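Q: Listed below are the residues making up each chain.
Protein chains: 4
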Amino acid sequence: MNDPQIPQDSIIWSQEMVRSTLPKRAQDSHKGVFGTALLVAGGPDMPGAALISGLGALTSGVGKLAIGTYRETIRSIAHAAAEATYVPDALIHIANGTHSLTSYKAIACGPGTLPDAVTEAAIDSLLNSPAPLILDAGALSERSYVKRSAPLILTPHAGEFSRISGYSTDQMAESPGACASAFAMEHDLTIVLKGPRTTIAFPDGELFHNPTGNAALAKGGTGDMLTGMMLGMLCCHENWRHAVLNAVYLHGACADEFIKTRSPHTMLAHDIAKLLPEVWKQYE
Amino acid sequence: MNDPQIPQDSIIWSQEMVRSTLPKRAQDSHKGVFGTALLVAGGPDMPGAALISGLGALTSGVGKLAIGTYRETIRSIAHAAAEATYVPDALIHIANGTHSLTSYKAIACGPGTLPDAVTEAAIDSLLNSPAPLILDAGALSERSYVKRSAPLILTPHAGEFSRISGYSTDQMAESPGACASAFAMEHDLTIVLKGPRTTIAFPDGELFHNPTGNAALAKGGTGDMLTGMMLGMLCCHENWRHAVLNAVYLHGACADEFIKTRSPHTMLAHDIAKLLPEVWKQYE
Amino acid sequence: MNDPQIPQDSIIWSQEMVRSTLPKRAQDSHKGVFGTALLVAGGPDMPGAALISGLGALTSGVGKLAIGTYRETIRSIAHAAAEATYVPDALIHIANGTHSLTSYKAIACGPGTLPDAVTEAAIDSLLNSPAPLILDAGALSERSYVKRSAPLILTPHAGEFSRISGYSTDQMAESPGACASAFAMEHDLTIVLKGPRTTIAFPDGELFHNPTGNAALAKGGTGDMLTGMMLGMLCCHENWRHAVLNAVYLHGACADEFIKTRSPHTMLAHDIAKLLPEVWKQYE
Amino acid sequence: MNDPQIPQDSIIWSQEMVRSTLPKRAQDSHKGVFGTALLVAGGPDMPGAALISGLGALTSGVGKLAIGTYRETIRSIAHAAAEATYVPDALIHIANGTHSLTSYKAIACGPGTLPDAVTEAAIDSLLNSPAPLILDAGALSERSYVKRSAPLILTPHAGEFSRISGYSTDQMAESPGACASAFAMEHDLTIVLKGPRTTIAFPDGELFHNPTGNAALAKGGTGDMLTGMMLGMLCCHENWRHAVLNAVYLHGACADEFIKTRSPHTMLAHDIAKLLPEVWKQYE
Ligand SMILES: Nc1ncnc2c1ncn2[C@@H]1O[C@H](COP(=O)(O)O)[C@@H](O)[C@H]1O
Ligand SMILES: Nc1ncnc2c1ncn2[C@@H]1O[C@H](COP(=O)(O)O)[C@@H](O)[C@H]1O
Ligand SMILES: Nc1ncnc2c1ncn2[C@@H]1O[C@H](COP(=O)(O)O)[C@@H](O)[C@H]1O
Ligand SMILES: Nc1ncnc2c1ncn2[C@@H]1O[C@H](COP(=O)(O)O)[C@@H](O)[C@H]1O
Ligand SMILES: [Mg+2]
Ligand SMILES: [Mg+2]
Ligand SMILES: [Mg+2]
Ligand SMILES: [Mg+2]
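In order, the protein sequence lines correspond to chains X, E, G and L.
The first sequence begins at 1 in the UniProt record's numbering and counts up one residue at a time.
The second sequence begins at 1 in the UniProt record's numbering and counts up one residue at a time.
The third sequence begins at 1 in the UniProt record's numbering and counts up one residue at a time.
The fourth sequence begins at 1 in the UniProt record's numbering and counts up one residue at a time.
In case anyone wonders, no lab produced these hints; they're calculated from the structure.
Being a predicted model, the structure only gives us computed values, none of them experimental.
Just so you know, even glycine gets a beta-carbon here, dropped at the ideal spot from N, CA and C.
Among the hints, erroneous ones may be present.
Anything over 10 Å on all C-beta distances counts as not near chain G; from chain E, calculated [stated by the list, open to error]:
1. Asp45
2. Asn96
3. Lys219
4. Lys281
The calculated label-pair distances, taken between Cβ atoms and stated as ranges, are [as the list claims (entries may be wrong)]:
5. Ser168(E) to Gly205(G): 44 to 50 Å
6. Glu186(X) to Ser14(E): 57 to 63 Å
7. Gln171(G) to Gly205(L): 46 to 52 Å
8. Arg71(G) to Asp170(E): 40 to 46 Å
9. Met17(E) to Gly205(X): 49 to 55 Å
With the hints as extra help, turn the sequences into a complete structure.
A: And the structure:
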């Protein structure tokens, strides 16, 4: 009997694969080598999502991080993600085309943002940018996707994937890998279908399954942290697929570290960024 | 000779009871399984109460937490309870019936709120909601209670209980359990009568006494933390009575852990949330 | 040969005296037993002083703490001293007599406040209050002192003491104890003459010398921390003199703990509050 | 074969030199002995730079620290650098000559500031002040330098040095020491040419090379931290050259300490200030 949660043809992204694909931070590198990531996140009622994903990116290898968010949110979080620079009212500027996107090494959009018309217009601009792009949460909508050269990565949980793909909850529960793969191949993008067992479907049909993580992650904010970590990993990995897979893996590994000595009911999303430095080291 | 502080017919909620009633966070759960809690807290001069109780809820098993408070307070605390979402001016919206309460798994109101007309109107709405409801501090008033299907839990200290029940301080000191039980049964609600030895009286006459805690808790803010923890516990426990009892127990157990190596004069309420992850684990 | 820094007739406030005078936090106490302290601190350009002294008070045994400061400062610090409540524009309200002072167990004024006319008017009100009163920093001025029943404690460093007393730096360097005692007896108040070796002169001529502390304390903000700690200690000690002496002693002992493993150049004032819980415990 | 990155005639600033030049914080010193440092930092989109460099200065031996920045930035960071005092709109006041600079022991300008006309005018004033002056980041421009008695220290990375000196990237890569020395001698100032191997060129031709640091430092904010640390060190060292060299050395040593147990991809600039107390101690 197969566990219905594990897609049949998927490969488990194992500890050994992580060890062999994590990048070395070259001794003679400077921040420019890792580039500047753009994170568009945080809405009026969800300012914390910008902070959580910002901390995820900062601790995951970026060179520099620019956080695009509301002025109000900048005031709230600037001291807590002090290493970032800020782009006030980024969504509007991106939607209007008045904020250049050409210099970013990678871009993520969605944690804490409202799924409204401005966000949709901004996503149009982002899709036309030359950088690898992660869309999450408020940036996940049923829409068409233009052809782009750089990777497009969507990180829905089951509910979000159902909304954007039209698959029913039953279909997804029975064969998550098949659903994710079909959608990824049809739209030429990558689906990170998040859940107790996260499935990663690449546009060419390659399918992976993540072995780490536990129910300490079943709490608001952990998805935002993953988006930030993936954004940072895109900046320090040469191979973007490894970045995606290692972000998912290490995110779960931090939660596994947490519950060794602490109750899973008590973890907060930002704890992941505090655990990451030592957890990551274990795989280097 | 009986200790007059321990109500005679009460059961001590023991370590073994905690061990056998704490929930397992099921491996395949997602945040939706634990639901969204609503915390209405924090007034203009007491913004910190929203943060303290928010941290209590976030570390006590919620799926998601929405904090309803003043815009000003959101600015102050959003980065420190980054995993929460925010409902600006919640008291007014709840009082006016313009904020729907149907989707919350549990609700708490009172830490840091002013006991004014708006609060009273909001409580009317909250009492009519279908979720388990905790009223604390500024939400404790002498009033009538409508019949509701979900549990109603009041968490007064002696002064507050005297104010809402009319019992004199002498009566309460002599037989706290009897007073709490009488009130609980008459009004069909649960009384958590807080103090050096906290008494929990359920509406059917069941009476418990909490064995943990110490004078490190005799400082502003610790009650706010308890309210938040109880709110979180309601989201992750199947049995709401266990949630109430375990919140009181673990709250005190954290303080007991604190003073093993630190002076009881020096504890701050938010230290409890920092100690909770490892303390909780000891009972799993 | 006598060390000129140690006043000749002073008693060293020793480790044994600390041990025998630190209060027990009675098991059955509640926050009301320790009372509410009022801290008036923080000016527009020195908001941090309110936070540092607030943390000092909160970790030193208060029941409740009310911080009176500017609205702007409340916004900045409310999440970091979340256990406190706030009195906006306190200086003005106290100066105008529109904020009642009768219910406070102890009051401190001065860290970060400007030495202007409003402050002076507020001090007039504070001197007429029935609570033990600490004046520090911006609240130290050359002025007359009304007769009051509760203790009045001034905590100047050498420069401030010279300004308020008229003693020259030379006089003070030669016989700090004599200068402090003379001033204390003449004005019927207590002088905590701060420096590398702090001298405490009580109004009846009793003179103490503090043996703890080191040059890690020679940095902005450490005096604010002492004021806050003393305020907290006044709330949990029965004997106010012991509160004053133990605050000075433990403040220095924290710095001594710090430099066991860390360079004295690197200590920040708020580190003292982080060290205090374990340091205090060593004397219980 | 010589490593082209190490300038040929440079001296390695070694562990032994650090040990023999780090200052003792004299037991009987008070904050006035170490003086007040002025840090002008933080722009509207880079508020965090003021905090990071502020924490660097506070943990590196200053007596007092005044942070000159935007009002908005003060609101964001005041609680996190609570030991500092603040000068609102400092750049404008310094540019206009309405903020006196005579009392500062050392001054730094640039982290997070915009390289605009106001900054340039402020630098004119700063150059005319009597204190040792560090210019970094937004304060580095192609300009002429007036003769001044106190040291002038520029801390460019390769890109910034190319911009202010006109040397090409190739020239600098081939002989960084020669380029830095030539510029330092010509303009009678000190160049800290930052990079994987930082070169320090004094105006008399003395040339040093720093042996510490690693790619964990290749991330936004680490330069701001160095500027702050150097500012603090100028306040506690008697010999300003030792201050410059020890700041660069300890900054790198903290990063070396970090990666002993943590991945270099995960370090944040403010982690350096957290590690500094114990790292510094190792050299005392
Ligand atoms: N029970 C679980 N076991 C493992 N990972 C989980 C579990 N619940 C949630 N997660 C992870 O936590 C994150 C939740 O993201 P989101 O649903 O966007 O908040 C995703 O990365 C999920 O894969
Ligand atoms: N001396 C004490 N021993 C044990 N618990 C205490 C003591 N003092 C206060 N508490 C607890 O601390 C909290 C105070 O709540 P409140 O009075 O609302 O601030 C309650 O949970 C009390 O039960
Ligand atoms: N070198 C030192 N040794 C011991 N204590 C010191 C030293 N320098 C400062 N202090 C203490 O640090 C605090 C400074 O207060 P203030 O001058 O108001 O900032 C006082 O409590 C002083 O006694
Ligand atoms: N690969 C590296 N190895 C050692 N130090 C580095 C490295 N990359 C950057 N740094 C240091 O980090 C700081 C970066 O400053 P900035 O370029 O202004 O952000 C400087 O002190 C550099 O010397
Ligand atoms: Mg999500
Ligand atoms: Mg309470
Ligand atoms: Mg002072
Ligand atoms: Mg720089």
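Q: Are the hints correct? Go through all of them and say.
A: Results for each hint:
A beta-carbon of chain G comes within 10 Å of the beta-carbon of Asp45(E); the shortest separation is about 5 Å. Once the 10 Å rule is applied to beta carbons, Asn96(E) is consistent with being away from chain G; the minimum gap is 27 Å. With a least CB separation of 5 Å from chain G, Lys219(E) falls inside the 10 Å interface cut-off, contrary to its annotation. Against chain G, the non-interface label of Lys281(E) holds: every CB pair exceeds 10 Å, the least being about 22 Å.
The given range of 44 to 50 Å is respected by Ser168(E) and Gly205(G), whose C-beta atoms sit roughly 48 Å from each other. Taking the beta carbon of each, Glu186(X) and Ser14(E) are about 58 Å apart, inside 57 to 63 Å as hinted. Remark: the range hint 46 to 52 Å for Gln171(G) to Gly205(L) is upheld by a beta-carbon distance near 50 Å. Roughly 42 Å separates the CB atoms of Arg71(G) and Asp170(E), a value that falls within the hinted 40 to 46 Å.
At roughly 53 Å, the beta-carbon separation of Met17(E) and Gly205(X) lies within the given 49 to 55 Å, and the hint holds.
Violated hints, listed in ascending order, are 1 and 3; each of the other numbered hints is respected by the structure.
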